[in-house]
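**Student:** Protein sequence lines, in the order shown, are assigned to chains U and E. Here the first sequence is numbered in my numbering, starting from 21 and rising by one per residue. Here the second sequence is numbered in my numbering, starting from 21 and rising by one per residue.
None of these hints come from the bench; they were simulated from the model. Don't take every hint at face value.
For chains that are exact copies, the list does not tell them apart, and a pair is met inside one copy or across any two.
The list that follows gives simulated cross-link-like pairs (lysine-lysine, DSS-like), each with its CA atoms no further than 27 Å apart [to be verified]:
| hint | residue 1 | residue 2 |
| --- | --- | --- |
| 1 | Lys214 | Lys335 |
| 2 | Lys183 | Lys415 |
| 3 | Lys323 | Lys84 |
| 4 | Lys317 | Lys277 |
| 5 | Lys84 | Lys317 |
| 6 | Lys281 | Lys84 |
| 7 | Lys281 | Lys387 |
| 8 | Lys51 | Lys84 |
| 9 | Lys387 | Lys415 |
| 10 | Lys316 | Lys84 |
| 11 | Lys335 | Lys145 |
| 12 | Lys183 | Lys387 |
| 13 | Lys281 | Lys335 |
| 14 | Lys365 | Lys281 |
| 15 | Lys307 | Lys281 |
| 16 | Lys415 | Lys335 |
| 17 | Lys307 | Lys84 |
| 18 | Lys365 | Lys415 |
These are the residues of each chain, in order.
2 protein chains.
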Amino acid sequence: MTNFDHLFSSYAIRLNSPTFNRPVDLSNKLKIISFAGGLPDPSVFPVNEIAEISQLVLQTNKTKSLQYSQSEGALSLRENLQVFMKEDGVSINADQLMITTSSKQGLDILSRLFINPNDIVFTEKTTYTGAIQVFKSYAAEICGVPMDGDGIDTEQLERMIKKYVQQRRSIKFIYIIPDFQNPTGITLSLERRKRIIQIAERYNLILIEDSPYRQLRYEGVSQPSLIELDSDRVISINSFSKILAPGFRIGWIAGPKHLIKKAILAKRLIDICAPPLNQCILSEFLKRGSLQSHLKKLISGYKIKRDLMLECLAKDLRCIEGVNWARPHGGMYIWLVLPNFISCKHMLQEATQQGISYIPGNKFDPKETSFNAMRLCFSMQQTDQIVEGITILSKIIKSNIVRNVI
Amino acid sequence: MTNFDHLFSSYAIRLNSPTFNRPVDLSNKLKIISFAGGLPDPSVFPVNEIAEISQLVLQTNKTKSLQYSQSEGALSLRENLQVFMKEDGVSINADQLMITTSSKQGLDILSRLFINPNDIVFTEKTTYTGAIQVFKSYAAEICGVPMDGDGIDTEQLERMIKKYVQQRRSIKFIYIIPDFQNPTGITLSLERRKRIIQIAERYNLILIEDSPYRQLRYEGVSQPSLIELDSDRVISINSFSKILAPGFRIGWIAGPKHLIKKAILAKRLIDICAPPLNQCILSEFLKRGSLQSHLKKLISGYKIKRDLMLECLAKDLRCIEGVNWARPHGGMYIWLVLPNFISCKHMLQEATQQGISYIPGNKFDPKETSFNAMRLCFSMQQTDQIVEGITILSKIIKSNIVRNVI
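Just chain U, same shape as in the assembly (with noise of 0.2 Å):
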């Protein structure tokens, strides 16, 4: 075997760090009951009509759906998200959206436009394992400032921008999933939502709004995203993988029109454009108001699958001392806590093998500590699966920290 090692950039080096290890591969293992990918539930994937659009869209025009389209993304879909967003509060232009080959993507376009290796970037503690990796393929330093039940404390997080900005350190952005958050489920108050902007504000930075599971609400009142308090320092990240299907691999970036003229031009060097097929599809999907009337079917699966969940552990777990788990008002995760003796990564081994998978909370921490925790996705698993699940797990963590105690 030819070795290439010589030849790699600093970005395949940095690769190398077990922080980029690809995840345990647990699709041959048939009866694991798996809690750990965020993945939207196939069963209720509204297969027939996407499948009477792809028809339709091919065999009408063909052109649109088979040939190059624009860097942008279609016009006809940019159109159809307007008014989707607009719904939802956010008035923008069309120019002032992009469409990404899935919110990764747009993930990785902001990482390049804004990131030089060393510089800052702000994150919640605990955050989206995805955002993590690019951010430090990119070679940023993570920040990660702690939260509470109202989500990130803006008080700390101007602290430390203060003491970075007193260290002449170049910061570049704050990332924040503000809506059922990653991983702990924990929506981002209105105060601090406002708080955040003027903070953004006062520093000059970009604020980066991260929001897939924005629509799957379950109880209580959204509140306005960044992006409709602040259209002019906000770029919103958002999908259609876990409002619709992740099969697509589309999503978009919406924010001030100078920036996504930028995206633009970087996404024409990446992929030229994003599937037009796929476009076509969720163009005619959204045009037909078909989203909205899967929300609801989707909402009120997950609501159930969400409210079981927390009785299973309820009834397992409850009045156990250092346990505790917030309840998410939507989203698709629940973020239990253990005690600190416990470690979740260690104890991973022993639940894989009696066939349940989780997250642990390294994985979900720039610092890759915060060990005493898991994240357990409740939209994938059917409810009897939830049950059996939390059943099995719930003995393996009453027997792990009875183990540690004596």
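Guided by the hints, dock chain E onto chain U, whose structure is given.
**Tutor:** Relative to the frame of chain U, chain E by itself:
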């Protein structure tokens, strides 16, 4: 408008260069006859079969087509591509293949993995504009090597490599379009293919083969691909865009297993996976052997267009001093060279005013000169437009030559 220029990365700042300007949008000029974009003919897209297959894969396997997939790509598609490559003489395993979201993404990922700012990469003297832009976006120094009718001049290539080695510059790879090269239409001879591999071995460089037109041969005998000749060193970039339809945005790279493994790590950070729906459709299309029968149709149609364009050029421009073009044995382009006092870049304005467009030679030249040539794409326009377009274009060319000679 809030200004964020101070927050841009070096990458984003590089995109300010005119090199990355977006192409002029001529789509609102309905009457234009475009020989510019390298677009396949949409009238021959096998839309009925694609629509039928879309239905089938969605109905029979909704999870596989609409859920997330592995970053390396669906195994079924990789296995069908293995067979497809085997028919072309290339024996590789499925783990030497990664599905990309367009071949452009293949280029971007390979550039990321190998290029640090100021690294040297070698290309043919004129080459794919998109490749030039991607390499420059990573701040590579591109060294274009002269060509003749047999392709890149390997003696000059080695001389130039030696020069950079003596200067202790960091050289990463040689990027070659061996079949019906973009823009010149030239095919690399077998002798040169072997020679270029020897050179890459001698200096321990990666060899990147980009061959989107390889299957579109209208005469002569196919030469072995570079990856057939050396699967330990060559990474081949492939695409469905020219041989089926760009609307899927699906391509693949093939190469040494340990390099593909690295590319998969990067791909997971970029868009997680290529669109599963599109992968499922293409896998079924390949499995049925439909790509081979579609290629037969494409080849017979494009051959007629190539012959017609060559005939029109001969009728109008034969025997004019300084005007020449070669007969491409395949692909989609004719490279028309004009007397060196003509700037095809300046002439383009006059041409578009008269309803014709093409791409001026400077766009294919890393040094951004080569003004006295243009690329004419013959695949997209119908036969009537080819006749009309070349007639008008030839008049413009002749009047420009006369004006300059007088």
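**Student:** Would you mind marking each hint as holding or not holding in the structure?
**Tutor:** So, going through the hints one by one against the coordinates:
no. : hint            : result
1   : Lys214 / Lys335 : neither (38 Å within a copy, 71 Å between copies)
2   : Lys183 / Lys415 : neither (45 Å within a copy, 68 Å between copies)
3   : Lys323 / Lys84  : between (38 Å within a copy, 25 Å between copies)
4   : Lys317 / Lys277 : neither (35 Å within a copy, 44 Å between copies)
5   : Lys84 / Lys317  : between (31 Å within a copy, 21 Å between copies)
6   : Lys281 / Lys84  : within (22 Å within a copy, 34 Å between copies)
7   : Lys281 / Lys387 : between (34 Å within a copy, 26 Å between copies)
8   : Lys51 / Lys84   : between (43 Å within a copy, 18 Å between copies)
9   : Lys387 / Lys415 : neither (29 Å within a copy, 67 Å between copies)
10  : Lys316 / Lys84  : between (30 Å within a copy, 24 Å between copies)
11  : Lys335 / Lys145 : neither (29 Å within a copy, 71 Å between copies)
12  : Lys183 / Lys387 : within (18 Å within a copy, 45 Å between copies)
13  : Lys281 / Lys335 : neither (52 Å within a copy, 44 Å between copies)
14  : Lys365 / Lys281 : between (42 Å within a copy, 25 Å between copies)
15  : Lys307 / Lys281 : within (25 Å within a copy, 40 Å between copies)
16  : Lys415 / Lys335 : within (12 Å within a copy, 85 Å between copies)
17  : Lys307 / Lys84  : both (16 Å within a copy, 26 Å between copies)
18  : Lys365 / Lys415 : within (17 Å within a copy, 73 Å between copies)
Checked against the numbered hints given earlier, this structure breaks hints 1, 2, 4, 9, 11 and 13; the rest are met.
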